[in-house]
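A.B. asks: With the sequences and hints as input, model every part of the structure.
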Amino acid sequence: MSPNPTSVTARHAAVYPVAAGYTAEDCRAALAADPWSGPGRPRLWTESVPAACGSPAALRRRERELYGRHSGPAVRLTLLEYTDGVRELVAVTGPGDDGPDTLDRAALAVLGGTAARSDTGFPAVRVPEAEDGTAPWPRCRTVTVPGLDGAGDTAADLAGALLLVAARTHEDEPVLDVAVHTADGVHRVSLGTDALDEDQPVAAYRTWVREELARPLATAGGTGPRLALEVDLRPRAVPALLRVPALDAGRPVTVRVSAGGPDGAPQVQCWTAPGTPPDGRAADLRHRLTTVARQLLTGDQDVPLAAITLHDPAERARLLALGRTPRGTDSGPRRIDQLVRARAEQAPDAIALTDPQESATWTYRELVDTGERFAAALHELGVRPGDRVGVCLDRSARLVAVLLAVMTAGAAYVPLDPTYPADRLAYTARDADLSLVVVEDDGEHGDAFAGRSTVTLSRLRELASAQRALAPAPAVGPDDPAYVIYTSGSTGRPKGVVVPHRNVGRLLDATADDFRLGPQDVWTWFHSAAFDFSVWEIWGCLGTGGRLVVVPYWTCRSPEDFRALLLQERVTVLNQTPSAFSRLLRLEVADPAPLALRIVVFGGETLDTRALLPWFDTHPESTCRMVNMFGITETTVHVTARTVTRADALAAAQSVGRALPGWSVRVLDARGRLLPPGCAGEIAVGGDGPALEYLGRPELTAERFVDDPDGDGRLYLSGDKGRLLPDGQLEHLGRLDSQIKVRGHRIELDEIRSVLLAHPAVRAAAVVLTRPADEDATLDAYVVLDGAETLEVRRHAARLLPEYMVPATVTALAQLPLTVNGKVDVASLPEPRALADGGEPAAVEGEFGQGPLAAVLAAWRVTFGEPVTPDANFFDLGGNSLRALRVVHLLRDAGIRVDVRDVYRLRTPSALAEAASVAPADQARSA
Amino acid sequence: MSGRLAGRTAVVTGAGRGIGRACAVAFAAQGADLVLVDIAGDLPGVPYPAATPSQLDHTAELCRERGAAVLTVKADVRDPAACARVAADAVERFGSLDVLVNNAGIAGPSGRIVHEVTEDEWAVMIDVNLNGAWRMLKAVGAMMVAQRSGSVVNVASTAGLVGYRNFAGYVASKHGLVGLTRAAALDYAPYRVRVNAVCPGSVRDSEEWEGRMLVEIGRSMEIAPADHEAEFITQMPMNALVEADDVAGAALWLASDESRHATGGVITVDAGYSAR
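Protein sequence lines, in the order shown, are assigned to chains A and B. Take the first sequence: its position 685, counted from the start at 1, is 685 in the working numbering, and no numbers get skipped. Take the second sequence: its position 80, counted from the start at 1, is 1080 in the working numbering, and no numbers get skipped.
Any given hint might turn out to be false.
[Stated by the list, open to error] Interface residues of chain B toward chain A, partial, derived using beta-carbon atoms under 10 Å: (1) G1067; (2) A1068; (3) E1092.
By construction, these hints were calculated from the structure, which means they are not laboratory data. Positions of the beta carbon are idealized from the N, C-alpha and C atoms, including for glycine.
C.D. replies: Below, the structure is given as structure tokens:
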């Protein structure tokens, strides 16, 4: 690749007018006669420009001369001769030259003093300004800075304002490079933001800046971007039409201050460096500089610096509107059970639920009837409006009926995943103060619900059969709690998020039209009821009249079986975490199937859009829409949506889209102040999404759910890091706390993961930090590979990442372990494998010959890292879903086909070997 | 600045007219700044008039109309010092040099059976067509290697791929140029400096670009100027003559980043002539 053709090393440039009638020959003669001493005698080039001075073509040509590369040590002088007889001299210094004085000296050498005459009738040439931001040139905007009158310390006043703007809008430590041109030379100082104290009063801050600037050659380090401020207030002997400060691609914006602005005030210009995208940065800076300078220079000097705002009220309103999408469809506030009942009234005989495991189908009428009779039974058991009822059931159609019943009875449901450990269930039951728990007849949850009233599903059915349907509790409205879902954040104990009915109805209003959700759709219910993605799956489907296919637990764990189900049930709407989807994707890439999917919604995790490229090869965007949704339990499943296109996948787009209609997003800094687009900070969500509270945690609720100072109701502070783009789309940048420090370096785990995924053979990746508190902290990567060695992946990472971010180990896995919620299960990742590890030990278990048992024992030994006996229990050895998968894959390599379910069900090597021997490969389930 | 060569500097030799002018103008239209090189004066031993200084200036004018900054240099590619000066001036004027089009070349003296070619005739043909390209490469190579980028386009000919009767010197020089292209491509590949060749077939003389190679080739084959186009067309599978613009299009692609992984390539633009 060629170097960026527009990148330049910092050098100054200026345009000088040439007196009428003063020709190229005169210039040459003057230069030849000039006693130039020292290195770098300037050379003069002449160019005829086929346009009149000041015309767009002439300005473009002049821009090229000003910003074109110049690598020589000498000043480059170019005489531009326009068709109207006007001439201009463009002078450019060599790299590293201190600037204006050298230029003036060279100009004088060529113009021989004629230019100094101001009465020669130079044509007035406008200093052009790009107002639309689309033209790559010119790059200058003039700024009026209130309070800057030239009387005070101009350099310090501007430096203070610029530094504060930089500090507020960049999360890394930005640096302001200040160059003050004086008669004695150039005084250079770099100001860092690390010592900037926002609690000090404005007056103290201004003093601090002044003192910093006075220090000799102070330099500041910093990892963030650099801005430049150039102050040159000296009167100039040689008039110039335009003076360009040293522009450097490493300093996207340079502010130049010179004498001679209107009313004798210093003239302030914002310059954008060539090679930086015309993204309006200079325009944004102009606005913020003005706003901040006005407050610093003319406002109250005793307020703390933190009180200075970046935006005036109009700009603030514009930014807030940018992140807000107005409501579209408005069906008014509704209860979830009413949504389903409305569907049942519209199409009572439409199929609401298919439960393949029980070979059962339920119509909407049956679902609502059952729900109402269950509700009556719950009432009989003492459940009253406002209560919370635990539901600890395996996923089945009946579970949906129970959820509906709880809401019909006016209570809120609290889903409890029966696969959770008993301690976790007990904690939830206690924390939520459940008045009743509905459990399976043979539920294995130990004494999790000891001391709490429970009712088995069959008892509930028994009671229900004796009841008349219970009419929906009238006292309960859309604003009352519908469900409480427990989330375990990265810190602290799980907390119950209380979500009212109304929010779910709003979510359907926000999506149904755009996604064209309706009775023709078939949805899967894939996720645990305890994960709020299921709220969307269940009520999104049943609230829009679709058919919901209950995915059995084991089918969720087997991509092959899940895909068969998608085909068999002609599923049209699929919701997946990216991790879970990557398993399906691998199957589809190897052997595409005629799926009926028309929309796939991603949620729960950050989507790496690049991973979808192979999907688009076989499932074009025109037939199946891929939607990335960012959401949080506390904001009712989703917040934003973005349709991912092939172009997005190619560009590795990180945008999660605009806020859903009725939702709003904004980005705040660490002090809760609004940040402009392009700046990364904490994502705050407002509008129709925020939940009611954290159950029983008033302090935490007050901390995370705050009143919107701009009157948008309540805001949820997500703890997620993001950035609003200028078009109102949100980029999600992971958790605020995923940024970690290793041996003093700031590291983003997500960034490392993204680099790993950029390797063409890496299908999925996870990065974890081990011994985080330790000096020996190491980064370990886990990857799912398709045709490459781990060593190669690490080399790839080493090419793209600084040394301290390169994972110490890269371990290849058949699949990444997932949590019940379908997210990467960090706790279940195996010990990292040293890179030198060549492969598995030979699978020969002599004692048991060459039969299936020997192969099974070998697979177990490899999986558990120690020899096992034929009667060893998989679970006693610490077996989990990941290890089961490992066994399946190892056996597959040995020509024996079993699936994960067999490993779980049969539990011992001998039983597994027996099953394998009667199920030879050709009869095994198709992959 | 925008365009496929925005911000790039290109040196084109033989820029006074014909393919050289077509390339220069095409590059200018895509945002390049240009260093236009031509001998702009007659070469002893070449039986037809070379480009003139005013033709070189006209090329410069056409480029400037497209917004380019232009440096014109009168230089003979047979002179190593002149080649070095071209490179040095280009860098001083434009800060770097990104593209070199080795287009300067002669088609005559030709038209004789190989053993009747004189020492001088042979020498001038090889010196301009082959050695000239090598000298320019020598002048710019170190700089392109240092900046780890650059694209060299050698304008060869179908005569670099197949033989033509009574054109031994021309054919040998163009075969040599194709060979130089491949060898230099390998030398420079580690430094991301690319070297490719374009092999035009019979290019129609152009009024606009003032090209007149074909009529001179025809003359040395004793074809009357009035008939030469018809004569050449009959040999073309596409029943058409190549235009200088077609060659410039190929050169533009090779000069730009669009061809970033093409090196050592030989692209024919010959209406199918060499496909047979």
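A.B. asks: Each hint: holds or not?
C.D. replies: Each hint, compared with the structure:
no.: 1; hint: G1067; in the structure: holds, 6 Å
no.: 2; hint: A1068; in the structure: holds, 8 Å
no.: 3; hint: E1092; in the structure: holds, 5 Å
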